[in-house]
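Fit chain B to the supplied structure of chain A, relying on the hints for placement.
Each chain is listed here by its residues.
Protein chains: 2
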Amino acid sequence: MPAPPPRIDLATDVVRLTRQLVDIESVSRDEQVIADAVEEALRPLPHLTVTRRGHTVVARTDLGRPSRVVIAGHLDTVPVNDNLPSRLDEQAGILHGLGTCDMKGGDAVILKLAATLTAPVHDVTYVLYEAEEIEAAYNGLRLLGESDPGLLEADFAILMEPSNAGVEAGCQGTLRVDVRTTGERAHSARSWRGVNAIHGAAEVLARLHAYDARRPVIDGLEYHEGLNAVAIRGGVAGNVIPDECVVTVNFRFAPDRSEAEALAYVRDFFDGFEVTLTDSAPGALPGLDRPAARAFVDAVGGQVAPKFGWTDVARFTVLGVPAVNYGPGDPMLAHKQDEHVEVAQIVRCEQQLRAWLTTTDKEQA
Amino acid sequence: MPAPPPRIDLATDVVRLTRQLVDIESVSRDEQVIADAVEEALRPLPHLTVTRRGHTVVARTDLGRPSRVVIAGHLDTVPVNDNLPSRLDEQAGILHGLGTCDMKGGDAVILKLAATLTAPVHDVTYVLYEAEEIEAAYNGLRLLGESDPGLLEADFAILMEPSNAGVEAGCQGTLRVDVRTTGERAHSARSWRGVNAIHGAAEVLARLHAYDARRPVIDGLEYHEGLNAVAIRGGVAGNVIPDECVVTVNFRFAPDRSEAEALAYVRDFFDGFEVTLTDSAPGALPGLDRPAARAFVDAVGGQVAPKFGWTDVARFTVLGVPAVNYGPGDPMLAHKQDEHVEVAQIVRCEQQLRAWLTTTDKEQA
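So the sequences go chain by chain: A and B.
Start counting the first sequence at 1; every next residue gets the next number (UniProt numbering).
Start counting the second sequence at 1; every next residue gets the next number (UniProt numbering).
The shape of chain A in the complex, shown without the other chains:
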């Protein structure tokens, strides 16, 4: 008899709930089991309307509130690296294991709030989605925005990416280009008959080496751009003058530039060289001027940092929904073999969101 599918017990506390989620292996493209468990746990709840798309589960309240917020988290993880099942160090207050930080602690907060907040002050759309850790083509949030944009309509969105239980606003955009130099092959014993494409890349690296990063301040937050070679390759054989060298450059750009503006900057930077765009994603403005964002920030303590890394908040921005990153876990631990999370951060996120969603604006003011 096969083992029964795992179940999620929403009655338990948020830390135990995190462990349950961590212990259901859910590497990208293998999220069926966890999505089934999530759907099965949420569907019986009478105050929620549950929609399933692929392995993405959406649960909404529909209380006729004047405002609606989205709270979203992805269910997938990077590949297992001998770091499952979870292990709780009670003395240190640390939960170890794949996904504890990125981002099943945040998912547990979402599920706990969804199960228990029967009458939040804002209507809430809880989104637990698939395939964030891989190519955008599979990204559940992106697919949902295309198939059911109405399900993501909101006044404000919170993405529970690890941010040490603090608010990280906006995100920088990212694009990659290949900067290519060409030459002419020749035997290295008669090198003057060829043209060395690797030598031709000297100027490309010299410009990168001399690059001075822009650090614009947007909504009071200082972003920090970066233009970096992330790979270089060239060479045919140990006795051949190479006829091609390719430098792969990653530009991380502040959210006051559009993707097109960022690419124009890079093309200008490498003026005289062949530049091919291979990959691009927009940044997201912090949007802290929007009342919904402001109210949330005030409710959780008022501190905001800029988000340097690219996250799915940019997908909300594209939909016209201001969004912030806010979740338990140190982002520097994401994707590490020894990934872990302070359980106190999970608890704090749940408490702060619960307080915000149960306090009327008048009370907050």
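Rather than coming from a laboratory, the hints here were simulated on the basis of the structure.
Among the clues, some could well be false.
Intra- or inter-copy, both count: the list cannot distinguish identical chains.
Claimed, not checked - Distance condition first, Cα-Cα at most 20 Å in a straight line; then the derived EDC-like pairs of lysine to aspartate or glutamate: (1) 336 with 184; (2) 336 with 62; (3) 336 with 243; (4) 336 with 89; (5) 336 with 289; (6) 336 with 271; (7) 336 with 123; (8) 336 with 25; (9) 336 with 133.
Predicted, not measured: the structure shown is a model, and the values here were computed from it.
Just chain B now, kept in the frame of chain A:
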């Protein structure tokens, strides 16, 4: 019944003999069949003493002449590339196929001379050896020099490497170094927390780009050095600041530098960077001041060019034997898919060597 092993017919002309050799596939490390055929063809000849070492065959006259010459060629080829069996274009006078140029035309000349010159004016040591096209560890000429140095003792040596049936004297040395830069990994969204090793290689490429080649004249021949990046690699992932970049540099140096002097030059050139020697082989001085070399050059027409590429002539130089490259075939066609040779060059090489080996010094003078 298995097919009988191929036989070599030494009574045929040198062009047909070349075809026979070409049509016995003999990629490096797979020379047993061709070495067996060569040994079987030479061993019955009463004027020769045949020695076999591995898949290297040595055949010597022992006529008590005052001088001895070595004539050597390798039996192996680079891998088959849809270019076997041989194909003779009679109208154009071109023989096509793997090894036609590098260097079974030369091998055929050796075999034809060995079979027919029963009383050459110099004693001759004919050497047909294995594994020239791969790592030096397997090189049959090198192994023979170690196991039986007496078999290579001579006043002069001719290596039948393709040189368009002209004399190419000496050879340039070659060495390879890895020039390595290091940095510190970081997520590319927070690149200022790391140190980019690829950017750190800018100066390495800038120096190479500005390199000005030395062109010394030795024994009247102008050599031409070359210092080139033949490979570059670096990069961890598309979102990681790379902590290592390695530039593989090939230095081709004129034979007036020793290997140690050449390495010292390269270390000085890359002063301030980590330089690791991976590979080194000495050059060979042209040695045209030696009477045996001079007499040979005069006998075959007096024209001499410098050899830029490294060849096994350097192994003779190490043994104190002056040596030249002289063989049919355009060296630019070696290792090409469409390798071929002008049959007239094979014929000319045989005729010129035959004339030299049957004419006394007095007659030559």
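Here is what the structure says about each hint:
When the C-alpha separation of residue 336 and residue 184 is checked against a cutoff of 20 Å, the pair qualifies only between copies, where the shortest distance is 16 Å, while the shortest distance within a copy is 42 Å. For a Cα distance limit of 20 Å, the shortest separation of residue 336 from residue 62 qualifies neither inside one copy, at 39 Å, nor across copies, at 73 Å. Taking the shortest alpha-carbon separations for residue 336 and residue 243, only the inter-copy value of 17 Å comes in at or below 20 Å, while the best intra-copy value is 38 Å. Taking CA atoms no more than 20 Å apart as the test, residue 336 paired with residue 89 passes inside one copy only; the shortest distance there is 18 Å, against 64 Å between copies.
Neither within a single protomer nor between protomers do residue 336 and residue 289 lie at most 20 Å apart by alpha-carbon distance, with minima of 35 Å and 67 Å respectively. When the C-alpha separation of residue 336 and residue 271 is checked against a cutoff of 20 Å, the pair qualifies neither within a copy, at 37 Å, nor between copies, at 37 Å. For a Cα distance limit of 20 Å, the shortest separation of residue 336 from residue 123 qualifies neither inside one copy, at 36 Å, nor across copies, at 72 Å. Taking the shortest alpha-carbon separations for residue 336 and residue 25, only the intra-copy value of 16 Å comes in at or below 20 Å, while the best inter-copy value is 52 Å.
Taking CA atoms no more than 20 Å apart as the test, residue 336 paired with residue 133 passes inside one copy only; the shortest distance there is 13 Å, against 45 Å between copies.
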